[in-house]
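Peer 1: Sequence:
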Amino acid sequence: MSRIVSVPDISAPVVSAPAILPKVDPGELVVNNPTGGDPDELFQYLVDILASPVYDVAIESPLELAKKLSTRLGVNFYIKREDKQFVFSFKLRGAYNMMSNLSKEELAKGVITASAGNHAQGVALAGQRLKCKSTIVMPETTPQIKVDAVKALGGHVVLHGQTFDEAQTYALELSEKDGLKYIPPFDAPGVIKGQGTIGTEINRQLKDIHAVFVPVGGGGLISGVAAFFKQIAPNTKIIGVEPYGAASMTLSLHEGHRVKLENVDTFADGVAVALVGEYTFAKCQELIDGMVLVRNDGISAAIKDVYDEGRNILETSGAVAIAGAAAYCEFYNIKNENIVAIASGANMDFSKLHKVTELAGLGSDKEALLATFMVEQPGSFKTFAKLVGSMNITEVTYRFTSERKEALVLYRVDVDEKSDLEEMIKKLNSSNMKTFNFSHNELVADHIKHLVGGSASISDEIFGEFIFPEKAGTLSTFLEAFSPRWNITLCRYRDQGDINGNVLVGFQVPQSEMDEFKSQADGLGYPYELDNLNEAFNIVVAE
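Mapping the sequence shown onto my numbering, position 327 (from 1) lands on 327, and the numbers just tick up by one.
Hint data in this document are derived by calculation from the structure and do not stem from the laboratory. Do not rely on the hints blindly, as some may be mistaken.
Computed Cβ-Cβ distance ranges for the label pairs, DEER-style [stated by the list, open to error]:
| id | residue 1 | residue 2 | range |
| --- | --- | --- | --- |
| 1 | Asp416 | Glu60 | 39 to 47 Å |
| 2 | Tyr332 | Asp40 | 33 to 41 Å |
| 3 | Asp515 | Ser103 | 56 to 64 Å |
| 4 | Tyr182 | Glu330 | 40 to 48 Å |
| 5 | Arg72 | Asn429 | 25 to 33 Å |
| 6 | Asp414 | Lys109 | 58 to 66 Å |
| 7 | Glu516 | Asp40 | 54 to 62 Å |
| 8 | Gly523 | Asp40 | 25 to 33 Å |
The beta carbon of each residue, even a glycine, is placed where N, CA and C say it ideally should be.
Based on the sequences and whatever the hints tell you, model everything.
Peer 2: What follows is the structure, given as structure tokens:
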């Protein structure tokens, strides 16, 4: 899995410490051994979930049989369509349940929260329904479409800070200063119980369920669903799903305490949480059966699967559980079982669709991304095309360079059968055209295909990926930190529809200055990783 550095979240001074999982394949269960919890507390959860007034604002969302997915996997694959809610997300349930239980005095003063996504709309809608002023603190980097959506529901938006943490800190300060009740996105019993109503619906809609797959960000949704199911249908497995780059709950359960991710992949921004809730973590330890991890291309493939089923487009976090359920069924060869996955939302940022479509074919293994070297001479490309044969080429990138004796072709092909792809690669390699399969290497998909042509033969050149906040002035801040001290040799960026942008940058840094360079990079505060050890990068760009 991706290298993730984490630190224990404890009251003592935080000391950096690695939290390392053994290699985990997509869909492989990271087993949790649930302790069961306090019976009296769980019974009260059950009572409160059943009595929740969420249907003042929520619908009982449909549980739909995904016929194409069912046929492909050999199971009865059901999708719980929380994307059909009025705000296109399950989040209104928890917000409304907690707010409806506030006193008249608390409602009269108003509520406050921090969010850049679906929770913000849930709180705003609940405030509108309960005639309670809702203040939503959002980072200044929040896309305007999300700000407008909250305002349309009557929420009072305050833009503050560059990150969610800064927005949340400010919201808590305002809560204390103005006497406003803070509505957390996940770590409160009232929120968890509201989300737990999804469990009651699934249980009414279907029996004899092998497993329910739940997307996990902070842990509120899975805690509520598990609190219901483990009392009513304890043999049903409750399995959480996280992206590899945002595996905070998986790591926390594995370590036995909460861990905070140093860097979080925001591709599935609705579950991109660095630190799970204290209360939700305890509930997951007590109740859930385990976690599975998925790659971003698997999430993208799940979005396409749902689109193919009924022409609906989920947001990236909304498809996480579907990706995890499908990967789990494939990994364990599950057959003839009832499988349920929760589609948690459909607030897709339109600008993210291009990356989803880029990754979807790779995630479903219906497309492969390959790199082939061939001798730079007339006729080589024609020979290459013949060897690829009947495989349909969907994209090809090639650029002549005098710097190498071998030319590089980076290309995609459609894949009907895995054996066909393996046979084609074998033929290419045996014909002295060395070929690499980079289908699941995001660095290639994001950047490297645009850099075909090889090295510019620049001395002391290093390359790094930096995660920039999507806001005006970021590039200037970056340049001030490094230039003119070190020459910038390359820059490649594309808006991916995330709250953060991924930028590939090249520098000239003599070995004697590497410590100074890293110190400067660390001080900038942007997550980064040097790519010189990435196999794909060295093959395509480095000399």
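Peer 1: Now look at each hint and say whether the structure bears it out.
Peer 2: Cross-check of the supplied hints:
no.: 1; hint: Asp416 x Glu60: 39 to 47 Å; in the structure: holds, 40 Å
no.: 2; hint: Tyr332 x Asp40: 33 to 41 Å; in the structure: holds, 35 Å
no.: 3; hint: Asp515 x Ser103: 56 to 64 Å; in the structure: holds, 57 Å
no.: 4; hint: Tyr182 x Glu330: 40 to 48 Å; in the structure: holds, 42 Å
no.: 5; hint: Arg72 x Asn429: 25 to 33 Å; in the structure: holds, 31 Å
no.: 6; hint: Asp414 x Lys109: 58 to 66 Å; in the structure: holds, 59 Å
no.: 7; hint: Glu516 x Asp40: 54 to 62 Å; in the structure: holds, 59 Å
no.: 8; hint: Gly523 x Asp40: 25 to 33 Å; in the structure: violated, 51 Å
Consistency note: the structure conflicts with earlier hint 8 alone.
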